[in-house]
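Protein chains: 2
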Amino acid sequence: MQAIKIFILSDSVGETAHAVAQAGAAQFGDLDITYQRFPFVRTESLLQTVLAQALKEHAIVYHTFVDRKLSQSVNVFCQAHDLPYNDVMTPTLDLFSGITHRQPVNKPGKMHDLNTNYFDRINAIEFAVTYDDGKNPAGFLDADVVLLGVSRTSKTPLSLYLANRNLKVANLPLVPKAQIPDEIWQVDPKKIFGLTNDPEQLNTIRRERMIQYGLNPDTVYSNTDKIKAELAYADTIFKKIGCLVINVANKSIEETATLITESLGYNEPNR
Amino acid sequence: MQAIKIFILSDSVGETAHAVAQAGAAQFGDLDITYQRFPFVRTESLLQTVLAQALKEHAIVYHTFVDRKLSQSVNVFCQAHDLPYNDVMTPTLDLFSGITHRQPVNKPGKMHDLNTNYFDRINAIEFAVTYDDGKNPAGFLDADVVLLGVSRTSKTPLSLYLANRNLKVANLPLVPKAQIPDEIWQVDPKKIFGLTNDPEQLNTIRRERMIQYGLNPDTVYSNTDKIKAELAYADTIFKKIGCLVINVANKSIEETATLITESLGYNEPNR
Chain G
1 MQAIKIFILS DSVGETAHAV AQAGAAQFGD LDITYQRFPF VRTESLLQTV
51 LAQALKEHAI VYHTFVDRKL SQSVNVFCQA HDLPYNDVMT PTLDLFSGIT
101 HRQPVNKPGK MHDLNTNYFD RINAIEFAVT YDDGKNPAGF LDADVVLLGV
151 SRTSKTPLSL YLANRNLKVA NLPLVPKAQI PDEIWQVDPK KIFGLTNDPE
201 QLNTIRRERM IQYGLNPDTV YSNTDKIKAE LAYADTIFKK IGCLVINVAN
251 KSIEETATLI TESLGYNEPN R
Chain R
1 MQAIKIFILS DSVGETAHAV AQAGAAQFGD LDITYQRFPF VRTESLLQTV
51 LAQALKEHAI VYHTFVDRKL SQSVNVFCQA HDLPYNDVMT PTLDLFSGIT
101 HRQPVNKPGK MHDLNTNYFD RINAIEFAVT YDDGKNPAGF LDADVVLLGV
151 SRTSKTPLSL YLANRNLKVA NLPLVPKAQI PDEIWQVDPK KIFGLTNDPE
201 QLNTIRRERM IQYGLNPDTV YSNTDKIKAE LAYADTIFKK IGCLVINVAN
251 KSIEETATLI TESLGYNEPN R
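From first to last, the protein sequence lines are chains G and R. Quick note on this note's numbering: the first sequence kicks off at 1 and runs consecutively. Quick note on this note's numbering: the second sequence kicks off at 1 and runs consecutively.
None of these hints come from the bench; they were simulated from the model. Hints should not be assumed to be uniformly reliable.
Straight-line alpha carbon distances no greater than 27 Å define the calculated BS3-like cross-link-like pairs of lysine-lysine that follow [as the list claims (entries may be wrong)]: (1) R:Lys228 to R:Lys239; (2) R:Lys135 to G:Lys135; (3) G:Lys69 to R:Lys251; (4) R:Lys240 to G:Lys251; (5) G:Lys239 to G:Lys135; (6) R:Lys135 to R:Lys69; (7) R:Lys239 to R:Lys251; (8) G:Lys251 to R:Lys107; (9) G:Lys107 to R:Lys5; (10) G:Lys107 to G:Lys135; (11) R:Lys240 to R:Lys228; (12) R:Lys251 to G:Lys107; (13) G:Lys5 to R:Lys107.
Output of the computed footprint for chain R on chain G, the stretches with three or more beta carbons under 8 Å from beta carbons of chain R [as the list claims (entries may be wrong)]: (14) 90 to 104; (15) 221 to 235; (16) 245 to 259.
Glycine included, each C-beta is placed from N, C-alpha and C at the ideal position.
Generate coordinates for the entire structure from the input sequences, incorporating the hints supplied.
This is the structure we're talking about:
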């Protein structure tokens with residue numbers, strides 16, 4: 001397999017350039033790719049050192065520099081030495097310059113301004129951690145989103161992903177015969193989402209988890225009949241509540257989260 | 001202030017296009033921007049409906065389509081109607097086509113393949129939630145990163161952000177006179193990071209938190225002398241451990257996280 005080395009250069013953390021590189025790479029099947037990030041590159045001399053290294057390693061260069069002198073330097077260097085590159089920031093800066101008739105402020109990392117929305121996001125993350133796993137039923141009443149589902153339907157990572165989009169999320173595992181907290185019945189069903197999965201996929205995931213724990217994978221936890229019974233129980237609860245049900249089988253956290261924000265008609269506040 | 005409407009179009013969730021738009025916008029000071037996401041646009045007819053809406057609202061169009069027919073449609077439409085647009089996906093697809101001499105697989109959302117790294121990420125998120133706030137000292141021994149810091153130095157969101165980059169993180173709040181768990185002294189100091197902050201910023205953050213709670217903001221919790229004593233105590237612990245200390249004042253979670261991954265020489269696995 002062709003080995004590909006990608007250098008991510010940025011005067012901030014390089015997250016956006018990394019995401020764009022990964023989005024491209026994902027469309028080309030199995031590739032042997034190594035990503036290397038060079039964040040906080042804010043001087044021409046440091047930049048030249050990194051570029052010399054890129055040339056030596058025949059790397060592909062993805063970059064986001066808010067300083068146009070630095071992004072120009074990268075582009076000129078890559079063109080001169082025939083290194084493939086993607087300047088992620090310049091088109092979006094040009095676009096906003098055109099609309100606002102202003103020049104960019106050239107402040108790296110400005111995206112992460114410590115504004116109110118930023119603190120709201122931190123509060124939402126802490127909320128998700130506090131009210132994970134039905135820990136405290138009071139959370140259901142304050143939450144923007146309540147997730148219900150049997151074990152291994154990605155309630156926790158989904159809660160945190162949504163928190164990162166400024167939503168306060170509480171989740172509750174559904175276990176047959178366990179009592180559903182009264183608070184659930186006081187929540188607007190539009191805020192509640194039932195997570196389900198295919199029995200086969202749950203079986204595979206749960207077996208893997210048992211193996212990770214160094215336990216026998218063939219326990220009641222991964223028994224397909226038991227899983228089907230759990231899912232059927234969850235289904236009756238979802239029907240009783242009248243909430244939207246999402247089957248997370250073969251869906252990524254991002255996709256499930258987007259179905260939820262769409263259903264809520266939720267638009268993330270500006271960061 | 002000029003009102004700007006940005007439409008984010010994608011055949012997947014639109015996260016990358018949203019990030020690029022925000023990175024551009026952040027460089028132009030105060031703007032009155034509304035973002036609206038249109039995820040999972042996978043047919044020409046749905047696309048045309050959204051584009052007609054964009055035209056009606058004079059929106060700026062950011063898009064990521066792995067289907068080149070759809071991205072071409074957007075670009076042609078925007079050019080014909082003089083709508084500003086940014087095609088985030090095509091340059092990265094062209095770049096990989098050039099290197100691999102292959103055509104993209106045109107599978108939307110492929111970025112979020114449910115591979116081993118994906119499950120590792122979910123495990124890391126669950127780890128961070130389980131071992132948040134010093135809940136169980138056993139976590140310190142299994143963690144890739146241990147965060148120590150006084151209250152309001154963003155330990156929890158930082159733990160989750162690093163978890164999202166596949167690192168297992170446990171954190172411990174430092175409270176003067178409280179016992180430090182023995183496990184901390186068994187951890188490689190290179191894995192430990194001490195978080196500190198400026199007393200003034202901590203005072204502001206803590207006062208705000210008290211107000212949020214509907215409490216008097218002028219408590220011992222936000223008293224500057226007490227805060228200084230807490231920070232001094234934390235400092236002696238950091239020195240005793242011999243760990244790297246990061247002052248999070250005016251740093252975003254992303255920036256602090258990047259300082260940590262750089263210090264570890266950590267390269268995120270491919271997603």
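Evaluation of the provided hints:
| no. | hint | result |
| --- | --- | --- |
| 1 | R:Lys228 to R:Lys239 | holds (16 Å) |
| 2 | R:Lys135 to G:Lys135 | holds (13 Å) |
| 3 | G:Lys69 to R:Lys251 | holds (24 Å) |
| 4 | R:Lys240 to G:Lys251 | violated (46 Å) |
| 5 | G:Lys239 to G:Lys135 | holds (24 Å) |
| 6 | R:Lys135 to R:Lys69 | violated (52 Å) |
| 7 | R:Lys239 to R:Lys251 | holds (22 Å) |
| 8 | G:Lys251 to R:Lys107 | holds (13 Å) |
| 9 | G:Lys107 to R:Lys5 | holds (23 Å) |
| 10 | G:Lys107 to G:Lys135 | violated (42 Å) |
| 11 | R:Lys240 to R:Lys228 | holds (18 Å) |
| 12 | R:Lys251 to G:Lys107 | holds (13 Å) |
| 13 | G:Lys5 to R:Lys107 | holds (23 Å) |
| 14 | 90 to 104 | holds (count 11) |
| 15 | 221 to 235 | violated (count 0) |
| 16 | 245 to 259 | holds (count 7) |
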